[in-house]
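Given the coordinates of chain A, assemble chain B onto it according to the supplied hints.
Number of protein chains: 2
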Amino acid sequence: MLIEVICTGDEVLTGKIVNTNFSYMAQKLEDVGLSVRWGTTIGDDRDTLLAAFLHAAERADAVIVNGGLGPTVDDLSQEIAARAAGVELVLNEEWLATMEAFFAKRSRVMSPNNRKQAMLPITSEILDNPIGTACGFAMDIGKARFFFTPGVPRELRRMLEEQIIPRLLAKSGTQTAIRLKRFHSYGLGESHVDEMLSGVEALVPDGSVKLGFRAHYPQIETKLTVRGADYADIDAKLAPVVAEIRKRLGNFILAEDDDTLEGVILKALARDDGSLALVETFTGGQMAARIMPLPGAEKVLLRATVSRDLAEIYDAVGLTGAEPLEITRETAEAVARAARNESGTSHALAVLIELDDGPDRIDFGGTICIGIATENHVESRRSRILGGREWVRLGAVELGLDCLRRYLHGLPVTERIDFERT
Amino acid sequence: MLIEVICTGDEVLTGKIVNTNFSYMAQKLEDVGLSVRWGTTIGDDRDTLLAAFLHAAERADAVIVNGGLGPTVDDLSQEIAARAAGVELVLNEEWLATMEAFFAKRSRVMSPNNRKQAMLPITSEILDNPIGTACGFAMDIGKARFFFTPGVPRELRRMLEEQIIPRLLAKSGTQTAIRLKRFHSYGLGESHVDEMLSGVEALVPDGSVKLGFRAHYPQIETKLTVRGADYADIDAKLAPVVAEIRKRLGNFILAEDDDTLEGVILKALARDDGSLALVETFTGGQMAARIMPLPGAEKVLLRATVSRDLAEIYDAVGLTGAEPLEITRETAEAVARAARNESGTSHALAVLIELDDGPDRIDFGGTICIGIATENHVESRRSRILGGREWVRLGAVELGLDCLRRYLHGLPVTERIDFERT
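Chains A and B, in that order, are what the protein sequence lines are. The opening residue of the first sequence carries number 1 in the working numbering; numbering runs sequentially from there. The opening residue of the second sequence carries number 423 in the working numbering; numbering runs sequentially from there.
Same shape as in the complex, but just chain A (with noise of 0.2 Å):
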């Protein structure tokens, strides 16, 4: 089945805001096996939307149109996309009457341009959006069926899931129960996970299970997508995969599906009433602005301190007569141990970078001294880390979390990565 989409908008065509919508959409209907073929970005303008909307229809089977559905002089969806069919506009009373209890549910009073919002082509299909008063439709243009979404990113994600990719599915004919199964890993590069996960597709002989990747550094997420018959069809088949897959990339695998890496570290820490002190340098706040907005943050981070100096952290700690020596494992070690002692916390992890000199460059690096510290145990790691200031930061903010990720869950912390260097 060939998709387009097409974005429309002045704000999107001049580039004021990157279109995020875009690959959301051509995302999401990856994660289900259909794919789009072409995107068009145009300006709120009736002769390019019009010329666009005719392309398309010669062109696709199913077209999802975003943006232009708002109250305003400049949204044109609607009027273009009756023009483009040859059929009349006419007020949807059905989507009026959703529009004003929307309004009288927030206490708040309809203005008369919103009505614009019901004016729909007369053959159009309503597609709910039950967060807006923008109204999802679809309707046949040419020989494409054509879906109209709103501009808001959430009230677009809720109408494509909830009302579009089942339509979408049901016309492409194929098997309708379908689901994502996400790893989350740090520590392997994209190339070494395809390699170790060669053939696992085929443990799944019908060729129902699909295989992905999306790196978003230092992260890989590993997607496999399953189709079948029914859920219970899709558990079936997935299980053995998915085992396969545990299995494989077995201590890299930090999260699977929604959670992540300060989340799995959050849970494992409040599960046992555990506490955190952490310690920063180089990373300058960014491990403590990873954990500190999840819910219940505020009683298991307790303090975070965060400096450049070592005669600053070792004062800010509370190691009073120790030399700033150079950063090492041992020193990363006493830190972890003295801040665990000041806050009181059951578990304290210190990251101490030693920067290269010079300036920025593709090859300039940081030594990393990781120390964790509980009661009675202290754990360190040593890397180095290469590819310019801020892609040191980055892989040193992963992976002082995942290092406590590890000693959580009672795994190596020193376990070698791939983006090291000796």
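Be aware that one or more of the hints could be misleading.
Said to hold, decoys possible - Covered stretches of chain B (chain A as the covering partner; in silico rule of three or more C-beta atoms under 8 Å from a C-beta of chain A): (1) 439-448; (2) 679-691; (3) 707-719; (4) 722-736; (5) 808-819.
The set of hints was computed from the structure by calculation and includes no laboratory data. Since the model is a prediction, treat every value here as computed from it, not as a measurement. Where is the CB? At the ideal position from N, CA and C, for every residue including glycine.
Coordinates of chain B only, in the frame set by chain A:
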């Protein structure tokens, strides 16, 4: 002049990567008074590439194609460009020599498949790429001038600015001298800034000054694009407008052009050999993370302490004996004073936040108390921000840093902002 942009590549089409190249190009063109009329996104596929090139060749005067110039088999831009124009693809000896020198300089051996990157349509003009092996080129297809650019962002950026924009301006017949002047402000909403600057364009009656905005909450960027016969002409036109904007936005302008809020703060502190201690609560390290990555920050931001627990903060800054009271201006002042003493810095900034209770929602808010201390002086401010947890956090980071900027520049710290509720 009608300009189109065609972005190619499976990674962009499938949404694996967000297409920031498109928004970058569109903004850069807007900045010089040009605009994109139509954007197309397609994969690494011969048929769709050819169709997209031919469509654009019929409609546009100029077309920028991004991606597909690499050495691998899925890089198809040169091949399809030649086919679309009906011309031969030939080895360009000049670019081959450039590539060989590129590899030699880096003591690397050129792989045989790089040779493909020097195969160009015989009618093409080279667009230099001094930082990569992908050869940019320009050629006519149909009635349009096509500009082929690499997908690597830094290579694209340099080629667009140095090679393509001057050619587009020459082709459009507009005066080629152009300058972009930018003001960054915090505390005023976009429509408020728009209203405050009403009429400033008219200070230059010939219409050569264009005003625009770009909002990235919580900051607003105000942009002036000015055209002229030459740079002296531009400077003469710009001077009164810049003076007027500075006058009208006044204290709310936090930086101009490439300067940033955190950079301005760092510069002001470093100028007087000053230093900073930072205390954060709900902002969770994000303020430190803004300042710490800047070169030289390690000598200025001596220590940041992050905790959501007031007792913990009192302990960290040595406020022994103080009761954990409620978060007020007085508390913020006391914490700032103590943090300064503890670290021996010239300045301290404390941003304490009392969050509302209950689940996240659109009218979820926080009360922000900011204290700034120097040896002989202390200032404070109290604000309420509503809009959900994430919104409150972003607002508090900006408000805290902006209060410090105001303090360092001798401006009033308590001036009312649009984002606060009483």
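Next item on the list: Closer than 8 Å, Cβ to Cβ, for at least three residues: run that test on the region 722-736 of chain B against chain A and report holds or violated.
Entry: holds (count 10)
Check: Checking C-beta pairs, does the region 707-719 of chain B have three or more residues closer than 8 Å to chain A?
Finding: holds (count 9)
Notebook entry, point to check: the region 808-819 of chain B covered by chain A? Criterion: 3 or more residues, Cβ-Cβ distance below 8 Å.
Noted result: It holds, with 3 qualifying residues against the three required.
Check: Mind checking, does the region 439-448 of chain B have 3 or more residues with a CB under 8 Å from chain A?
Finding: holds (count 9)
Note to self: For the region 679-691 of chain B, count the residues whose Cβ lies under 8 Å from any Cβ of chain A; is that count three or more?
What the structure shows: violated (count 0)
Hint compliance for this structure: hint 2 alone is broken.
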